[in-house]
Amino acid sequence: MSLVRPLEARREVASDAAIVARIAGGDTDALGILYDRYASALVRYAARIERSDAEDVVQTVFIRVLRLAASFRSDAASARPWLYAITARVLQERSRALRRFGRTLGQFANMSRAMAATSPSETRRDLERGVKALSRAKSVVLILNEVEGFSCDEIASMLEIPVGTVWTRLHHARRELRHYYEGGHD
Amino acid sequence: MTDCARTWMVEAARVGRLSTAQTQTLREHLRSGCKTCVTEQRYVDWLGRTLREQSPNHDEVAVRRLRRSVLARAQANVVGPAFALRPTVAVLAIAVCALGLGAWDLLGRTPEIVVTPLTAAAVARRTSERGRDVVALDDGAYHLVVRRWPLDREVMVRLPDGEIEDLGTVFTVRVANRKTERVDVTRGAVALRLSGVPEIVLAAGETWEAKPAPVPELPSPIPPIVVERPASVGSSARPVEPSGDHPRSVAKHKRRGVPAPTATERAPASPASSSLEDAAYLHVLDLLREQRSVEARRAAEAYLTHFPSGFRRPEMEQLLEGDRKLR
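For the protein sequence lines, the chains are A and V, in the order given.
The C-terminal position of the first sequence is numbered 186 in the numbering used here, with every residue numbered one higher than the one before it.
The C-terminal position of the second sequence is numbered 1327 in the numbering used here, with every residue numbered one higher than the one before it.
Keep in mind the hints are simulated off the structure, nothing from the lab.
Careful: at least some of the hints might be erroneous.
Covered by chain V, according to a simulated footprint, are these stretches of chain A (three or more residues, beta-carbon under 8 Å) [said to hold, decoys possible]:
| id | region |
| --- | --- |
| 1 | 33-46 |
| 2 | 50-60 |
| 3 | 71-84 |
| 4 | 127-138 |
| 5 | 141-148 |
Here are the computed lysine to aspartate or glutamate pairs in the DMTMM-like style, where the Cα-Cα straight-line distance is at most 20 Å [as the list claims (entries may be wrong)]:
| id | chain 1 | residue 1 | chain 2 | residue 2 |
| --- | --- | --- | --- | --- |
| 6 | V | LYS1035 | A | GLU182 |
| 7 | A | LYS132 | V | GLU1053 |
| 8 | V | LYS1179 | V | GLU1165 |
The C-beta atom is built at its ideal place from N, Cα and C for all residues, glycine as well.
I would like the entire structure built from these sequences, with the hints used as guidance.
Written as structure tokens, this is what we have:
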């Protein structure tokens, strides 16, 4: 006989907007519910861009959610774009912090990009490395569009940039990754 | 690279920049076989598909462990500093805390962990990882007693398919075929995190059990074949003896004046279940010796739940009735 007390079974299924409203009121249980809904997906997203610190990124995201919950639009159907936007900002902030921390890291990144650009024979398995060699601005936009399925308009809204900037970044990201395809599909 | 003036349309179509008419134009152009544009189309399709297929490995259990850390930090942020201390008082408070923690360090912060294997092949390994004590369990049944103070190192019990975070407990774990089958908590609380299962916090007296595999439907029993012995020829044919709880088996036992054994009674007690039963009974005794009567009653109830045909059932029932003290 089991006396299991599943955490979610006794709660009504509340909308994301209702959950975020409770978080804005200081309800950390509601934060746990939002975490259960989205944390895994956000960790996967962050890991595509910054594998080693993906969990740290997501932890920062949810702590920031506490502070930003009051500004969440109550008519929004889902908190997903909002959470991804916060995650993208955290990733970009970390990238800027790394650049300020040491130029050697930037030089290494440049070397990686140069190596990637001059190795047309690399196969699709190296595409992951190529994505990480992109600038953070481009990789964030590329993953949000191609993997997470957000439209360019949604990405522009999430990142608070013009949609033309989104198109440009996508275009340049695809150009930089082109040789991975040509290497395996001559 | 681009030999065609329309190549830009391939990417533009993907990001939704083309009008309906332009999209139609592009389709016709691709159908016409423009090599540059067809290659471009294949490339953008390949890029999207490959990126989606590359799913980074992430540890589901680690994500759930992270939850506790996130909520703890969130709680601290919500509560905030209770009041602003004067600098002198703040420095003194910090100094006292530092001295206290230093003393704690001298006394030792290693939690006490006692792991008793309850089956022959059960193997437990204890290590230290990232400032926490880890007990890794393989297939088998185990009885664990963990005594830790709030500032002691965390204790984590690593299972083949997940982990149990100890929150100061006595509990039993059974693992088989690299899967956790059952967790019984007799004192304290644990947080159970298994792959594919939401995190569950089990308090004293609670049990988690893996869902059993669905029992296949058995065909209805075939009536015994009775071969009539011909008058002139001997036959060794006998009616097929019904088995199990078949009505004929019950009827057979009734004719003999003996109650038909139930499936539970007929199944021999495994050494593992006997050891678990003993451990549960001894645990009740420990609690009574320590005069922790409330927890002893809960442990007795847990015993009766888990071992309805247990050897010491009468004692447990009397304990709950409050008629008898076990020594």
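Task: Indices of hints not satisfied (ascending) - done: 3
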